[in-house]
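*Asks:* If you want the building blocks of each chain, they are given just below.
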Amino acid sequence: MFILTFLRQTWESIKTVLLPDRYFSWLTVIYLSLFSWLMSLLGRSLGASNITVGIMTTLSWIFLAVGIGWALETNQVKLFGLSLAPWVAGAIVCIFLFGSWGDNWLQPALITWPLISFAVVAVPNLLSWELQYKKPPAPVRQQLVLLFFLSLLLSSWFQFYFRIQNWLQAYPSLVADTVEDSNFVYRIPGQTLPLSAGVTHLTEAEMIIKAELDSKPWPWIERWLLNVEGQEQAIQRQIQLNQQSSPEDDLWRFEMQPFSNGPGYTLELRAIWTGPTAEESGYYLEKSCQVMPVGQAPAYGSPTPGSVVPTQWARVTCDLEVPRVTGRP
Amino acid sequence: MPITDFLADLGLMPLRAIAFQSMLLLVAIALEAIVLRQHLRLGYQTSVQYAATINLITTSLGWIAFLSLEALLPWALRQQIISYVLFNRFDPTNPWIDALPVVIVVAAIIAFFTTYWFKLQGLSLLVRLLDRETVPRVTVSVEESPRYNSTRRPVAWSSSARKQQPETSSRGSSYTLAVLQANALSFTVIVILLLLRLNA
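So the protein lines, in turn, are chains A and B.
In terms of the working numbering, the first sequence is residues 1 to 329.
In terms of the working numbering, the second sequence is residues 330 to 529.
Excised from the complex, chain A in its bound form (with noise of 0.2 Å):
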């Protein structure tokens, strides 16, 4: 007897909360997304053509887009005085037409949401029910002008950040240094850092120079060193065909200085930035290695001890960090 009780008050009270008190409501038009919805679910499974069910969800995204915003509408659910309602609707709109693209879908939708928000508040503003040009009154008409204007401004906003991204893309070195100064963009702080492309600049610059110089007869290495800036220039070559191109390589200059270390020698490789930094004096990343004789050819043939002087082989090792150094060279 209590449960039947208890069952009729907890039904009487959804039925309060989930029935439309009139059904020319905002709850009636979210039900009727709904019932798209799942038109749309089951028309889908049921394998109904394409245009079937694109219809029903186009529908169900309508009836949601205006349900919502009209909930928002009626309740005056606002956020500094001004009424979301407009924003949120737009964002389902937005969602909508574009949220099928792919993967660069927030870029368009981002751009062209203030936008629609506005066309939200300005169509019931300025076409009556016949859908016939209305004109509002002159304080209306002021405010939509400066709702425009405002919408342009945030879609401006929204553009300029993903051009912003445009070129931290073709210049990725540029992320990894400091944006404390700026005046215009802040960065959140706890992101990683990308491995600058001076990095994979100076690491392919030292596969080439293992390639050329390791296991070869010393002789052959003193005669490489001879023509250290010639093999700048080749090397620089190699790096800038192996790259994907990328604006940014022409900013990376390569230069690489031998210094006499005991038998051997230390190479100094150096990719040198040579575009925008915040650092006065510029910024160069430095990889040394190091180029040694060995007396025993490492892989092959069992030189006789004595009879004459074993040749001479280079072994070349780099250092695995990369460090930054401010200034130039």
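Do not rely on the hints blindly, as some may be mistaken.
[Stated by the list, open to error] If you want the ones that stay clear, here's a sample from chain B, every Cβ over 10 Å from chain A, calculated:
hint, residue
1, P343
2, A381
3, S389
4, I411
5, T422
6, V431
7, I433
8, V435
9, F441
10, W446
11, Y504
12, T505
13, L506
14, L509
15, Q510
[Unchecked claim] Label pairs and their calculated CB-CB ranges:
hint, chain 1, residue 1, chain 2, residue 2, range
16, A, V140, B, F442, 30 to 36 Å
17, B, A400, A, V140, 32 to 38 Å
18, A, R328, B, L429, 55 to 61 Å
19, B, R345, A, F6, 26 to 32 Å
[Claimed, not checked] Partial list, computed: chain B residues near chain A (C-beta under 8 Å):
hint, residue
20, L341
21, M342
22, L344
23, F349
24, Q378
25, I393
26, A394
27, L406
28, Q408
29, S412
30, V414
31, L459
Rather than coming from a laboratory, the hints here were simulated on the basis of the structure.
Beta carbons are placed, not taken as given, at the ideal position from N, Cα and C, and that holds for glycine.
For chain A, the structure is supplied; the task is to place chain B on it using the hints.
*Replies:* For chain B alone, kept in the frame of chain A given last:
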């Protein structure tokens, strides 16, 4: 961690630009509203609305102009813009560094006069859109209405027409003067604020 992934995807956000621009817009709107109110004898609310409208027009059109022009500039000049936007300094090794002061001054002068023109046009369009005290463009002259010459006293009519003419022209010129002064004032204050920020 999806949150950190999301943050890493966001990259650099122009939050400072948005904050500074909102602040400068508020300053410009307040100053221009004062000037417009004094020159055009408008109410407080109307002058603020007019100033807000013309400033939002020029700001949003300025963004569109910047975003489309920036894509067309040569790479070296774009690098200077990137350097200024990200690091608040110009790259001294860039080939454009010598021409840069000239470019900036020319761009600033062009920006001043284009914003002035757009503000003036925007204001007159806005006034016409709101049906408020439209500036009478064509004054009725004696030749255009010969029919009334006989019925009304021609001397009085022409004298009233003549009286009306300088008034309307002064009305139009008061618009141009008011917008010019407002624009000059807001530009001056904004440049001073930007210089203060540059030195700080």
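*Asks:* Take the hints in turn and mark each one as holding or not.
*Replies:* Checked hints:
1. P343: Non-interface label on B/P343 violated, nearest chain A Cβ at 5 Å vs cutoff 10 Å.
2. A381: The claim is violated: B/A381 sits with its nearest Cβ about 6 Å from chain A, within 10 Å.
3. S389: violated, 4 Å
4. I411: For B/I411, whose nearest Cβ neighbour in chain A is about 5 Å away, the distance does not exceed 10 Å, so it is violated.
5. T422: violated, 6 Å
6. V431: Non-interface label stands for B/V431: nearest chain A Cβ at 20 Å, farther than 10 Å.
7. I433: holds, 15 Å
8. V435: About 22 Å separates B/V435 from the closest Cβ of chain A, which puts it past 10 Å; holds.
9. F441: holds, 20 Å
10. W446: About 16 Å separates B/W446 from the closest Cβ of chain A, which puts it past 10 Å; holds.
11. Y504: holds, 18 Å
12. T505: holds, 21 Å
13. L506: holds, 23 Å
14. L509: holds, 21 Å
15. Q510: holds, 22 Å
16. A/V140 to B/F442: 30 to 36 Å: Holds - the Cβ-Cβ distance for A/V140 and B/F442, about 33 Å, lies within 30 to 36 Å.
17. B/A400 to A/V140: 32 to 38 Å: Roughly 37 Å apart at Cβ, these two residues keep to the hinted range, so it holds.
18. A/R328 to B/L429: 55 to 61 Å: Given range 55 to 61 Å: violated, Cβ gap about 21 Å.
19. B/R345 to A/F6: 26 to 32 Å: violated, 58 Å
20. L341: holds, 4 Å
21. M342: This interface hint holds because 6 Å falls under the 8 Å limit.
22. L344: For B/L344, the interface hint holds, since the closest Cβ of chain A sits about 4 Å away, which is under 8 Å.
23. F349: Hint on B/F349: holds, closest Cβ of chain A at ~6 Å, below 8 Å.
24. Q378: holds, 6 Å
25. I393: Given a least distance of 6 Å, the restraint on B/I393 holds.
26. A394: This interface hint is violated because 10 Å lies over the 8 Å limit.
27. L406: violated, 12 Å
28. Q408: Holds - the Cβ of B/Q408 comes within 8 Å of chain A, reaching about 5 Å at its closest.
29. S412: At about 3 Å, which falls below the 8 Å cut-off, the nearest Cβ of chain A leaves the hint on B/S412 intact, so it holds.
30. V414: Nearest chain A Cβ about 5 Å off; hint holds.
31. L459: holds, 5 Å
Checked against the numbered hints given earlier, this structure breaks hints 1, 2, 3, 4, 5, 18, 19, 26 and 27; the rest are met.
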